[in-house]
Amino acid sequence: MTSIYTSGRYLEMNRTWHTEDSPWKAEQIRRLIQRNGLRPKCVGEIGCGAGVILDELSKQACFQDVLFDGYDISPQAIELAQRISSERIHFFCEDLLAETNVKRFDLLLAIDVFEHVPDYLGFLKKCREKAQYKIYHVPLDIHVSSVLRNAFIKGRYTIGHLHYFTADSALATLKDSGHEILDYAYTNAAMELFTKHPSIKKAVANVPRWLFSQLSVRFTARLFGGYSLLVLAE
Numbered sequence: 046m047t048s049i050y051t052s053g054r055y056l057e058m059n060r061t062w063h064t065e066d067s068p069w070k071a072e073q074i075r076r077l078i079q080r081n082g083l084r085p086k087c088v089g090e091i092g093c094g095a096g097v098i099l100d101e102l103s104k105q106a107c108f109q110d111v112l113f114d115g116y117d118i119s120p121q122a123i124e125l126a127q128r129i130s131s132e133r134i135h136f137f138c139e140d141l142l143a144e145t146n147v148k149r150f151d152l153l154l155a156i157d158v159f160e161h162v163p164d165y166l167g168f169l170k171k172c173r174e175k176a177q178y179k180i181y182h183v184p185l186d187i188h189v190s191s192v193l194r195n196a197f198i199k200g201r202y203t204i205g206h207l208h209y210f211t212a213d214s215a216l217a218t219l220k221d222s223g224h225e226i227l228d229y230a231y232t233n234a235a236m237e238l239f240t241k242h243p244s245i246k247k248a249v250a251n252v253p254r255w256l257f258s259q260l261s262v263r264f265t266a267r268l269f270g271g272y273s274l275l276v277l278a279e
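Using our numbering, you'd call the opening residue of the sequence shown number 46 and step up by one each time.
One thing to keep in mind: the hints can contain errors.
As the list claims (entries may be wrong) - With a straight-line Cα cutoff of 27 Å, these simulated DSS-like cross-link-like pairs (lysine-lysine) come out:
#1 Lys-170 <-> Lys-241
#2 Lys-241 <-> Lys-171
#3 Lys-175 <-> Lys-148
#4 Lys-175 <-> Lys-220
#5 Lys-220 <-> Lys-148
#6 Lys-104 <-> Lys-175
#7 Lys-148 <-> Lys-86
#8 Lys-241 <-> Lys-199
Said to hold, decoys possible - Here are the computed distance ranges between Cβ atoms for each label pair:
#9 Ile-226 <-> Ser-190: 32 to 42 Å
#10 Ser-131 <-> Val-252: 16 to 26 Å
#11 Trp-69 <-> Val-252: 32 to 42 Å
#12 Ala-196 <-> Gln-109: 33 to 43 Å
#13 Glu-237 <-> Asn-195: 22 to 32 Å
#14 Cys-87 <-> Val-252: 39 to 49 Å
#15 Ser-190 <-> Glu-144: 37 to 47 Å
#16 Gln-79 <-> Val-147: 37 to 47 Å
For the record, the hints were derived by calculation from the structure and aren't laboratory data.
Yeah, the Cβ is synthetic: ideal placement off N, Cα and C, and Gly gets one too.
All chains, full assembly: derive it from the sequences and hints.
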């Protein structure tokens with residue numbers, strides 16, 4: 046599946062490289078960082094895509110003195126990212142986890158990444174060595190609704206998801222790869238990004254999702270989906 050990122054096929058299927066969602070993702074990351082009192086001076090992102098998450102973070106007053114490096118194996122993604130490079134933001138078309146790459150960071154971001162990687166446990170073990178703190182964003186593709194409709198399999202061919210997680214299995218995966226979980230939060234793209242991806246089907250699904258979320262977000266994610274998990278680990 047790696048070839049879809051290097052051949053240009055992924056860009057053909059996802060023309061924006063999901064940049065329309067990046068400001069929202071950056072805001073979720075900022076909240077988690079500040080909630081835990083982190084003060085990183087150098088931040089790296091693996092699988093940075095078009096680089097907009099790093100660009101958005103760099104604009105925040107609390108990150109004005111931070112240096113950002115983005116890495117992606119896709120030349121098409123890095124070509125897009127280079128348009129927003131600056132003195133504080135640099136992008137590299139290379140494998141950050143290669144043995145020859147000795148770069149380390151205070152904080153490493155892997156936002157919607159490890160579900161794409163064939164050897165995801167090996168990937169996470171290597172990520173653990175690249176920074177003291179790591180933030181992972183993991184789509185929660187497995188829920189009652191997706192299993193009944195077999196809906197999650199579509200993402201295998203459109204956005205390259207090879208592995209599917211619940212919140213519990215995502216946290217267990219990180220622990221199994223040697224991470225210590227410091228904090229986590231559910232993120233609700235289904236409702237909070239609805240205006241960017243509107244449809245009648247999504248509007249209908251968001252009604253019970255909102256109603257049940259007033260009682261329990263955890264249960265709602267298990268039942269209806271629409272959530273991802275943002276995890277801070279050491």
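- Message: Tell me the numbers of any earlier hints that the structure contravenes, in ascending order.
- Response: Failing hints, ascending: 1, 2, 9, 10, 11 and 16.
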